[in-house]
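Trainee: Sequence:
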Amino acid sequence: MRTERKTREEEEDKEDKRHGYSQEHIGIHSISYRGIRGKWHFCPSYVLQERINVPRQQRTFKASKRLAERDNTIIDMLNSAGHEDVSFCVCDHEKPDCPIIFASDGFCKLTGYGHTEIEGRNCRFLQGSETRKEDVDRIRSAIKSQTEASVNLLNYKKDGTAFNNQFFLAPLRDADERTAYYIGVQCSVKRLGPGQAPENMGWVYAQGIHA
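When you line the sequence shown up against numbering that gives the first Met the number 0, it's residues 0 to 210, in that order.
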């Protein structure tokens, strides 16, 4: 009977971990019982405590410059729960060499680099021997003209693995319509065929979510 109960509790623990629930251990004399799904109740010395679902911590971008409402909405969306795996970075063009000032957890997951290895560097560190100059020039041209660009280019992960990066670049503007930052959204995709040239952030964003 005790073995059966232990096995059942172990299976329930695995199920909880699969759903992202955290564990708390409240004293060595705690007695636990399962209540509503997703919660455990502990009764140490007749004091009832409750364990609830605790979401994974997510790094978020906090703009030091005031953004226009529509662009602030984009940042709020990317910062919101459920978007942890979206790969994006924010660059400050007012600083020398337009460095990355923020890289999402998804960016690190995609490229294999840690945050401290990314932030402070220009995005060109992802380029390699097979990256086409004309693709890079399209990105530079968009930055110079402060416009959007969608480019499929070859980039390289930290371990040297090449991947086709469907890269969307857009200026984030302040309330006076001046460019405050640039945001880049990355997604590893198969090489696009003739006539396939996605030109909106929504497509790249959806690919990043479902890749």
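Worth double-checking, as some hints may not be accurate.
DSS-like cross-link-like pairs, simulated, lysine-lysine; straight-line CA separation at most 25 Å [as the list claims (entries may be wrong)]:
#, residue 1, residue 2
1, 189, 143
2, 108, 157
3, 61, 108
4, 61, 94
5, 157, 189
6, 61, 189
7, 156, 189
8, 108, 156
9, 157, 132
10, 94, 132
11, 132, 189
12, 143, 108
13, 157, 64
14, 132, 143
15, 156, 132
Hints are computed from structural coordinates only; laboratory data are not their basis.
Trainee: Which of the numbered hints are not met once you compare them with the structure shown?
Mentor: As far as the earlier hints go, 1, 6, 12, 13 are violated by this structure, in ascending order.
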